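Given these sequences and hints, build the entire structure.
Heads up: the protein sequence lines correspond to chains A and B, in order. 1 is the number of the first residue of the first sequence in our numbering; add one for each residue after it. 114 is the number of the first residue of the second sequence in our numbering; add one for each residue after it.
The set of hints was computed from the structure by calculation and includes no laboratory data. Just so it is clear, the structure is predicted and the values come from calculations on it, not from any experiment. Quick reminder that beta carbons are idealized off the backbone N, C-alpha and C, glycines included. Some hints here could point you the wrong way.
To be verified - For lysine-lysine, the following DSSO-like pairs were computed, each having C-alpha atoms within a straight-line distance of at most 30 angstroms:
id	chain 1	residue 1	chain 2	residue 2
1	A	Lys100	A	Lys57
2	B	Lys127	A	Lys68
3	A	Lys100	B	Lys122
Stated by the list, open to error - Facing chain A, according to a computed beta carbon distance under 10 angstroms, are these residues of chain B, among others:
id	residue
4	Ser146
5	Gly155
6	Leu156
7	Arg157
8	Tyr161
9	Cys204
10	Ser207
11	Tyr216
12	Pro222
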Amino acid sequence: QQQVKQSPQSLIVQKGGIPIINCAYENTAFDYFPWYQQFPGKGPALLIAIRPDVSEKKEGRFTISFNKSAKQFSLHIMDSQPGDSATYFCAAAVKAAGNKLTFGGGTRVLVKP
Amino acid sequence: NAGVTQTPKFQVLKTGQSMTLQCAQDMNHEYMSWYRQDPGMGLRLIHYSVGAGITDQGEVPNGYNVSRSTTEDFPLRLLSAAPSQTSVYFCASSYVGYGGSSYEQYFGPGTRLTVT
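Right, here's the structure in full:
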C-alpha cells in the first residue's frame with residue numbers, strides 16, 4: 001500500500017504549457033515534502049521541497065502548492081521547456097525520523113517543442 | 114568530488130546467484146541508503162545506515178544484506194537472486210537528519226539488474 005499516491009503516471013504538454021503533477025499522502029506525521037527530477041539513465045536529483053507551514057513555494061519555473069487539510073500537494077512547471085522532459089517523483093518524510101523518504105510512483109513528463 | 118558512485122552499471126544474474134552492488138561517496142555523508150526503482154512503484158527503501166557500523170531495514174529488505182564498515186562505502190548484497198529482484202538500484206547519501214531536520218539526498222547513477 002503506497003503511502004504517497006502520485007498522478008498522473010504520464011503527461012504530454014506543448015512547449016510553454018503548464019504540466020501539473022498531484023500527490024496525496026496518508027500519514028499525517030509527514031512534515032517534509034521534496035520533489036525529485038530524474039532524467040533517463042540518471043539518478044534522481046532534488047528539485048524543490050516544502051514544509052507544511054507554507055502553502056506555496058516557487059523556485060524559478062517550478063512551484064509547489066500544499067494543502068495540509070486535504071493532505072495533498074502538487075508541482076506546477078510554468079512555461080515548460082523540452083529540457084524539462086523527465087520523470088518527477090514526489091516524496092514525503094518525517095523530519096524527526098531523519099532522512100527516510102517515501103516516494104510516489106512517479107510521473108513521466110514529455111514537453112513537445 | 115565524484116559524488117555518489119555505483120558499480121556495476123549493468124548486471125545479469127541467474128536465479129540463485131549472489132552478488133554485491135557497490136556504492137561509494139566522497140562527501141563525508143553519515144547517511145547512506147539503497148532504493149530499488151520499479152515502474153509505477155517509485156523508489157522503495159531497502160536498507161539504510163546513519164553511520165559506520167549502524168544499519169537498519171527499510172520498506173523492502175527481504176533478500177538483501179548490507180554492512181557499513183566505513184563512512185564512504187555501503188555495499189548491497191543479494192544473497193540468492195530471484196527474478197523479482199530485477200530492478201534498477203540506486204544508492205543515495207546525505208547528512209543525517211535528526212530531531213526536526215531533513216537534508217537533500219544525493220543519488221548515484223544506478224545499477225540495472227536483470228535476474229533470469
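Here is how each hint holds up against the structure:
| no. | hint | result |
| --- | --- | --- |
| 1 | A/Lys100 - A/Lys57 | holds (22 angstroms) |
| 2 | B/Lys127 - A/Lys68 | violated (47 angstroms) |
| 3 | A/Lys100 - B/Lys122 | holds (25 angstroms) |
| 4 | Ser146 | holds (7 angstroms) |
| 5 | Gly155 | holds (4 angstroms) |
| 6 | Leu156 | holds (4 angstroms) |
| 7 | Arg157 | holds (7 angstroms) |
| 8 | Tyr161 | holds (7 angstroms) |
| 9 | Cys204 | holds (8 angstroms) |
| 10 | Ser207 | holds (5 angstroms) |
| 11 | Tyr216 | holds (6 angstroms) |
| 12 | Pro222 | holds (5 angstroms) |
Checked against the numbered hints given earlier, the structure breaks only hint 2 and satisfies all the rest.
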